[in-house]
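Participant: Since chain A is already given, all that's left is putting chain B on it; use the hints.
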Amino acid sequence: MPTTTLAGREIDVDAEGFLTKPEQWDEELAAVLASNIGIELTEAHWVPIRFLRKDFETQKETATLRRVSTVGGIPVKELFALFPGKPAKKMSYVAGLQKPKGCV
Amino acid sequence: MSTPIVPSFDDNTTSGRKLAIICSKGNLDMAYPGLILANAALGEGIETHLFFTFWGFDIINKETMADLKFTFVGNTSMHMPGSSMGIHHMLGALPGATAASTKMMKKMISDLDVPDVPEFLELLSASGCHMWACRMSADMMKLTMDDLFDGVEDIISATDFIELSEGAQLLFI
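Residue numbers (this note's numbering), protein chains in the order written: chain A, 15 to 118; chain B, 263 to 435.
Mixed in with the good hints there might be a few duds.
Claimed, not checked - In silico negatives: residues of chain B with every beta carbon more than 12 Å from chain A: (1) THR315; (2) GLU381; (3) ILE435.
Said to hold, decoys possible - In silico contact screen, one side only, chain A against chain B (beta carbon under 7 Å); selected entries: (4) THR18; (5) LEU20; (6) ARG23; (7) GLU30; (8) GLY31; (9) PHE65; (10) LEU96; (11) VAL118.
Derived by calculation from the structure, the hints in this document are not laboratory data. No experiment lies behind these values; they were computed from the predicted model shown. Every residue gets a Cβ at the ideal spot worked out from N, C-alpha and C, and that includes glycine.
Bound-form chain A, shown alone (with noise of 0.2 Å):
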């Protein structure tokens, strides 16, 4: 698996770039990511990344669209506008985690 260098320090991702070591994420990584991506990180960005991180903790698996919408509280079409086109991709991307893999 390769390395990338963010926010000055070496990071492990896979081949699309999704860091593949959760651990290595925190909130300033986060920022890069998003700027890597075209985002500027709001308080309303932060709502569905902190949910994202705090769901992986015990599911051991990135949450689906569907997931951060019915669990996390976070209507789709408020997630559609905060990360525009994949909000799902772009949202783990942002978190530091593998994209989802459930279909729904």
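Facilitator: Just chain B, lined up with the frame of chain A:
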């Protein structure tokens, strides 16, 4: 310093990929493939259109959408999901067989945390899915926009659908 490895997220939106799915069946097990694929496409930023026609109307008819059924009559490869033991499809004709198999399939779907049909339509709507109803089917079934799920944009003709699906990848289910 080398360029960081960053996922490329905007390929589809810039390439203008578009998907149109024709939903023509009203059975519970035939409703889900279209809904799940539409949801996946929307999550990838792909412009997605669903066109409901004939029995597919049952998916968007407010009267029937929460009550789609699964029958194994006519399914000669019938076995319960997760089991390889075959069940003769004509047993599905016994009274109560459809109700029982529908109940079981609904439970299996919900155990996977996949929403029921009305909630799924809400999810697709919120994700920006375009939904269209077929004019001929509406006339035949004497249904108007008032009878259909709120996310349905319009009742349109076959020609309208051909026009709006120009350049789209097409699926018939």
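Participant: Hint GLY31(A) vs chain B: min CB-CB distance below 7 Å?
Facilitator: This interface hint holds because 4 Å falls under the 7 Å limit.
Participant: Double-check LEU20(A) for me: the hint is only fine if its C-beta lies closer than 7 Å to a C-beta in chain B.
Facilitator: OK, holds: LEU20(A) within 7 Å of chain B, min 6 Å.
Participant: May I ask you to test the interface hint for PHE65(A) with respect to chain B, counting a Cβ-Cβ separation under 7 Å as satisfied?
Facilitator: With a minimum Cβ separation of about 16 Å from chain B (threshold 7 Å), the hint on PHE65(A) is violated.
Participant: Is the interface hint for GLU30(A) satisfied, with its Cβ closer than 7 Å to some Cβ of chain B?
Facilitator: holds (5 Å)
Participant: Should the label of ILE435(B) as a non-interface residue stand, given a Cβ cut-off of 12 Å to chain A?
Facilitator: holds (16 Å)
Participant: For the restraint on ARG23(A), tell me whether the closest CB of chain B is nearer than 7 Å.
Facilitator: Violated, about 11 Å.
Participant: Can you verify the interface hint for LEU96(A): is its Cβ closer than 7 Å to any Cβ in chain B?
Facilitator: violated (13 Å)
Participant: Evaluate the condition: distance from the CB of GLU381(B) to the nearest CB of chain A exceeds 12 Å.
Facilitator: Contrary to the label, GLU381(B) does not stay out of reach of chain A, its closest Cβ about 9 Å off (not over 12 Å).
Participant: Since THR315(B) was said not to touch the interface, does its Cβ keep a gap of more than 12 Å from each Cβ of chain A?
Facilitator: holds (24 Å)
Participant: So, THR18(A) near chain B? Judge it on the closest CB pair being under 7 Å.
Facilitator: Since chain B brings a Cβ to about 4 Å from THR18(A), closer than 7 Å, the hint holds.
Participant: Would the hint on VAL118(A) stand, with a C-beta cut-off of 7 Å toward chain B?
Facilitator: holds (5 Å)
Violation of the numbered hints given earlier is confined to hints 2, 6, 9 and 10; the remaining hints are satisfied by the structure.
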